[in-house]
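Protein chains: 2
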Amino acid sequence: MPTLIPVILCGGAGTRLWPLSRESRAKQFWPLTTDRSLLQETVLRAHGPGFAPPIIVCNEAHRFVVAEQVRDAGIADARIILEPVGRNSAPAVAAAALLTAEDDPDAVLWMKPADHAVDAVGRLHEHLRDAVDAARAGYIVTFGIQPTAPETGYGYIELGDPLSDITRVHHVARFVEKPDAATALELVASGRHLWNSGMFVFTARSLLDQLAIHAPSVLAAVRAAVTARRTDPDFIRLDPTDFAACPSISLDYAVAERTGKAAVIPADLGWSDIGSWAALWELGEKDTRGNVVVGDAILESAENCYVRSDCALTAVVGLSDVVLVVTQDVVMAVHRGRAQEVKTIVDRLKAAGRPEAHTHKPTATAGDTRDERSS
Amino acid sequence: MPTLIPVILCGGAGTRLWPLSRESRAKQFWPLTTDRSLLQETVLRAHGPGFAPPIIVCNEAHRFVVAEQVRDAGIADARIILEPVGRNSAPAVAAAALLTAEDDPDAVLWMKPADHAVDAVGRLHEHLRDAVDAARAGYIVTFGIQPTAPETGYGYIELGDPLSDITRVHHVARFVEKPDAATALELVASGRHLWNSGMFVFTARSLLDQLAIHAPSVLAAVRAAVTARRTDPDFIRLDPTDFAACPSISLDYAVAERTGKAAVIPADLGWSDIGSWAALWELGEKDTRGNVVVGDAILESAENCYVRSDCALTAVVGLSDVVLVVTQDVVMAVHRGRAQEVKTIVDRLKAAGRPEAHTHKPTATAGDTRDERSS
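Residue numbers (our numbering), protein chains in the order written: chain Y, 20 to 394; chain D, 20 to 394.
These are computed hints drawn from the structure, not numbers from a lab. Errors might be hidden in some of the hints.
It does not matter which identical chain is meant; a pair holds if it fits inside one copy or across any two.
Dumping the calculated BS3-like pairs for lysine-lysine here, alpha-carbon to alpha-carbon at most 27 Å [said to hold, decoys possible]: (1) LYS369 - LYS305; (2) LYS362 - LYS305; (3) LYS197 - LYS380; (4) LYS305 - LYS380; (5) LYS197 - LYS305; (6) LYS197 - LYS369; (7) LYS362 - LYS380.
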């Protein structure tokens, strides 16, 4: 594996996993699929031979939890770029590319969100070899996931012809933004459309060239913020005024959908964006009746439930297809088929001015997910 | 209304309403149907003109919560008899009758459990006039509730002929212990069977006479315990050794089912023994979608649910017929049609040695049902 610089975007808010995920401690900072947080799993998937130390881009409000979790995962040499405000993925990755280009414009970057899950890490690493080859040939490379359902929560990528010299990598015929239900059915039925995983591989030079063409105002603002940065032993702080002046835009929209250099690798990764509690039920290890249980819970005549308790003893009797999530200050019970409607509850709580919509009750040890009562 | 001495039996454990009701603070001590506890409601239903100060019989472990709740309800002159151990209802009411008989053997007692609900208090008081008349004529009078379903959780009373002189009171043809489902259907279909409400009216003399005939060992043991009692300004303490020697037996079994003097008043009281969370849903005030909500909860697309939270904010999305009960250290979600299976969970927790089966987490203020976090 050639040397690859992981760029991990850690800015998501993840209200679809409320009440665990809130602005004060978002989805990527919680252990959801393993005993490690999603951020830690994401960092460790890009650690070892062939990988340079990672660059992590996060909101400055989250700098301590990021630094602590990364260190706890055994990563001593991460660089942490702090965004004074969130501006979506294009400015975040532009900052990482500009910093990298100061040392080596031809360095290859692997951008990925901190809050996704990948089961087939070995296969992912194999695909990365092809991705690096294509990136060095000037492509902006993404990974396309074979759809298993007509999801409306993902963008889709229409597969084009293979590259002439790297045949496991394809041209992108078209990006399709999150479709409606009917369109999603057509896309899946076509057999030519893949889910957009949100991971990209490119050289710093390619990305900056493409930004200069397709999103020059983004590049200019971020360049100013990087130039005026302040660096200390722990963090790289982008200039607040310059960064705040940057448009908020995703890399998909700013570059991928506009460039002629987009490429895609069809990849079977066991990938999930963990976009709802139902997704965590799908990913979880099930008992003989299809229940996924995390924490201190007791089930009787329950089927296909997802039960997670971070504090209280939780008992479930005679229920099917229920998601039950117990945190210190909020309990949520939702039908597994309606897990996306969690957002409705969060919106209502925000409108009512309830703190539970945004913040967790402070605990003695911020890194500890257990209730202090249970210790 | 002639003077009637309420005798309130407060010894129940009520595990069917776990996790709220536990040994350390049982069902009768919680506000369930109103802002007052069931004990307080029970005391207040027998307060005012025509009622003497109540006698309350409870386990000595509960003496402070009983005394505090009774005083909070505005009852200054209750007599509280402490049982060193639980011995079911016959010994408890025998103690009250013996104490009363010391002053007036012909006093009329109204025995009732502390943990039932009665909606039609005015009608109840009218029926009590007939009950007192029949009690003075030597009858052991109970109240029979018109069945609305083939319940297997209640005893049944077969209606006999009316008394010759008090025609709204009937002889009891037969007591039927808790039936199986098929028998319950037959009993309800017969039109001659009423639910046994567990309330009784009798004179102290009648009860003691009947005990002497049908349960002499109970009477002897309780008489010894009452004779050797210690009385202080707050409590009447039965002698532990004598009382422990008493057989454990219900008044139904010790007297009512054996005596020829049993009588019953068919009564439409809006009565419930609140034998499960489903019963509380039945009794509760419902929103337009049939949900009963107690405490800090937010519902979205929920129907016919019972949601009670004593601490955490509780959110329910897209569920029907679910009972969700949130206490400080336990969360329970159960299908409303399977609310009786709560007992199974409690048994499993007992077998596992879990404290949540028996005791509540101590709080700063024992009388406060709210979590200290929410204040």
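Status of the hints after comparison with the structure:
| no. | hint | result |
| --- | --- | --- |
| 1 | LYS369 - LYS305 | between (34 Å within a copy, 25 Å between copies) |
| 2 | LYS362 - LYS305 | both (26 Å within a copy, 25 Å between copies) |
| 3 | LYS197 - LYS380 | neither (34 Å within a copy, 48 Å between copies) |
| 4 | LYS305 - LYS380 | neither (30 Å within a copy, 31 Å between copies) |
| 5 | LYS197 - LYS305 | neither (30 Å within a copy, 40 Å between copies) |
| 6 | LYS197 - LYS369 | within (25 Å within a copy, 51 Å between copies) |
| 7 | LYS362 - LYS380 | within (20 Å within a copy, 33 Å between copies) |
The earlier numbered hints that this structure contradicts are 3, 4 and 5.
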